[in-house]
Amino acid sequence: MVVGALALTGCGDSGGGDGTVRIAFQGPLSGDNVALGENMQNGVKLAIDQANAKGDLGFELEYVASDDQGLPDKATAAAQKVIDDESVVAVVGPAFSGATNTASPLYAEAGLVTVSPSATNPTLTDPKNNFTSLLRGVPNDSQQGAGMATYYAKKLKAKKVYLIDDKTDYGAGLAGVAEKGLKAAGIEVLRKSVPQKTPDYSATAKDVVNSKSDALIYAGYYQDAAPFAKKLKEAGYKGAAISGDGTNDVKFVELAGDASENWFLTCPCTDATVEAGTKKFSADYQKAFNRAPGTYSAESYDITNMIIEQLRAAKGGVEREPLRDALAKASYKGLTKTFSFDENGEFKGTDVYLYQVKGGKIAYQGNINQLAG
Amino acid sequence: MSLQEFWDYLVLGVMLGSLYAVIAIGYTLVYGVLQLINFAHSEVFMLGAYGSLIVLQLLDPGDNPSALASIGFVALAMAGSALFGGVTAYGLEKVAYRPLRRRGAPRLIFLITAIGASFFLYNLAGKLFGRDPMTLPEMYDNHDVFSVFGAGVNITQVLQFLTAVVMMVGLDLLVNRTKLGKGIRAVAQDAEVASLMGVDIDRVISRTFVIGGVLGGVAGFLFANLNQVSYTMGFIPGITAFAAAVVGGIGNIRGAMAGGVLIGVVETMTVPLLGDEWRSVSAMVVLILVLMFRPMGILGKQVGRAA
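Going down the list, the sequences are from chains Y and B.
Under this note's numbering, the residues of the first sequence are numbered 1 to 373, in order.
Under this note's numbering, the residues of the second sequence are numbered 374 to 680, in order.
Hints listed in this document are in silico derivations from the structure and should not be mistaken for laboratory results.
Watch out, some of these pointers could steer you wrong.
[To be verified] Under the rule of at most 30 Å between Cα atoms (straight-line distance), these lysine-lysine pairs were calculated in the DSS-like manner:
1) Y:361 with Y:167
2) B:467 with Y:287
3) Y:197 with B:500
4) B:674 with Y:74
5) Y:81 with B:674
6) Y:280 with Y:197
7) Y:348 with Y:315
8) B:467 with Y:167
9) Y:280 with Y:238
10) Y:361 with B:500
11) Y:238 with Y:155
12) B:500 with Y:45
13) Y:45 with Y:212
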């Protein structure tokens, strides 16, 4: 399991001069998508706190936050801040695809490993990018988009799908894959781009209704999906609606209220509060942060523990690059799934799960391919 | 686009446009008296939205309030937004612009100050109210009440349009019929001469800001009711309304109204014709086209002042 651990022990000095080793998280900790970032940050913190509490590490582990607001143009500064802190040996994140895209060249140069629990744009692991420090701890959007297409084609037998992306790297990537899948299944697709922060979704909603589509895909984040869902309800849209992991957050239900009812949400993540393997985690999380774990909380927890496992084996004496190489080769069985990566840092494994908003709650439905039959 | 669809989008466009018009008035009023583009007006709008949110959270309308209670909630939320907007605009003038005016700072300094004030205010709001978007609690059960040429109009839209019209008519009367209005017009025409004639310029300017702030604040409430509240919500509607003010002829109040409605309709019509991603582009194309043929805007005065 720990192939690379031997390589680590050779390095004399620990990462930080003061004997502490730091793990950073980079993601939106302010700005419009803060809820998504906090879910992950709490998972990372919980893993670190538990490791310290156990007391068998032999060194002190610390958490460092780096806020990129989920924005590509803020991500480079956030990355640089982490890189400049020499005691940081590994980064959980960046959370968003666009931010990962701009931050990864810096991390690659610094040899500082980043394991993202949530950046799902398929092109990130393209070897041409040379993002040599990036490991993706999540199936990419090819899986989510394909899952949506399969579900609409096989289960709901949709005839005409109105497909919207929000013009972000994430949304466009997801929508592109879904479009391919739908067209391959012979379904008519109306592909539209509605930029984030569109001030008024009334006209868009009217357009959906007028197009007589019987199903809708929104590839974007919750803070735009929510007002859009409201306007769809007002416009009298009766068809199915599905969105991806960017919308899969209780905030979506809070903001959209009744209008979110029956929306399908996909995620390459399981529901920590439902799956047997994560029940204890869920209880610990609730105790620590006084709320239930959110999207990617458990995955972030797993990834952090995966990093800690390597650090423990090396007794804290870790340099950045050997740790990166060790993690790239490692296989770690977490609570949510088994983490292992191919030679481009792409996640091995393809499971995508379906959720649906029911009675004001995001209800876990199960593996999307099994549900589609 | 079928005829029915045309009416659908036209109604939506006029509704949105009426909001832009109210915000645009804030830009145009201040420009009239100070020849300043008050870029912090978008933050007055944003804080107005928070004003109504705070009022509604305190009152907590609960589920299914009665019709009378609904009207009360709307009125109080609106009052909250007007208060926040007015106070913000008043403070802005007092703290940011008046000291500059006293020292006779060049126009560019005003502009930079406006942008700085805008940054300061929205970051302050993010700090104070949190950076998560929020929605206004439901004040009434929204449904279609009547239709215009087959296009359904719901309560939110009626509220939005009526409030905008009432405010615009009220403002028009205020500017053209009252003593304060006469002062505003005098300062706009020639501040120096107006002061020689006994107009208290400081007071007129301060009140002009408050009027613009109240309108902007209420527009913030209406907008929050249409979409949601967040500390960055001012930026896009602010820029769009500024474009509307310029299209209509900056400094001209009726022009701002016309420009707002025009831009609202063009933006909305763009959605079915070209797609959402062209929305902002089409608004700016209208701006450029209008300025090419009428550099002073649709209802604007001749460029440059009479000597």
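Status of the hints after comparison with the structure:
1. Straight-line distance between C-alpha atoms of residue 361 of chain Y and residue 167 of chain Y comes to about 28 Å, which keeps the hinted pair within the 30 Å bound.
2. Taken as a hint, the residue 467 of chain B and residue 287 of chain Y pair is broken in the structure, with Cα atoms around 48 Å apart against an allowance of 30 Å.
3. For the proposed pair residue 197 of chain Y and residue 500 of chain B, the alpha carbon gap of about 20 Å is at most 30 Å, so the pair holds.
4. Between residue 674 of chain B and residue 74 of chain Y, the direct Cα distance comes to roughly 43 Å. Violation of the 30 Å bound is thereby established for this hinted pair.
5. Straight-line distance between C-alpha atoms of residue 81 of chain Y and residue 674 of chain B comes to about 52 Å, which puts the hinted pair past the 30 Å bound.
6. Proposed proximity of residue 280 of chain Y and residue 197 of chain Y is contradicted: the alpha carbons are some 38 Å apart, above 30 Å.
7. For the given pair, residue 348 of chain Y sits about 28 Å from residue 315 of chain Y by alpha-carbon distance, which is consistent with the 30 Å threshold.
8. Our distance criterion of 30 Å between C-alpha atoms is broken by residue 467 of chain B and residue 167 of chain Y, whose separation comes to about 41 Å.
9. Among the hinted pairs, residue 280 of chain Y with residue 238 of chain Y is inconsistent with the structure: their alpha-carbon atoms are about 39 Å apart, more than 30 Å.
10. About 29 Å separates the Cα atoms of residue 361 of chain Y and residue 500 of chain B, which keeps this hinted pair within 30 Å; it holds.
11. For the given pair, residue 238 of chain Y sits about 17 Å from residue 155 of chain Y by alpha-carbon distance, which is consistent with the 30 Å threshold.
12. Distance hint between residue 500 of chain B and residue 45 of chain Y is fulfilled; the C-alpha atoms sit about 23 Å from each other, no more than 30 Å.
13. A threshold of 30 Å between alpha carbons decides the hint, and for residue 45 of chain Y with residue 212 of chain Y the separation of about 47 Å lies outside it, so the pair is violated.
Of the numbered hints listed earlier, those contradicted by the structure are 2, 4, 5, 6, 8, 9, 13.
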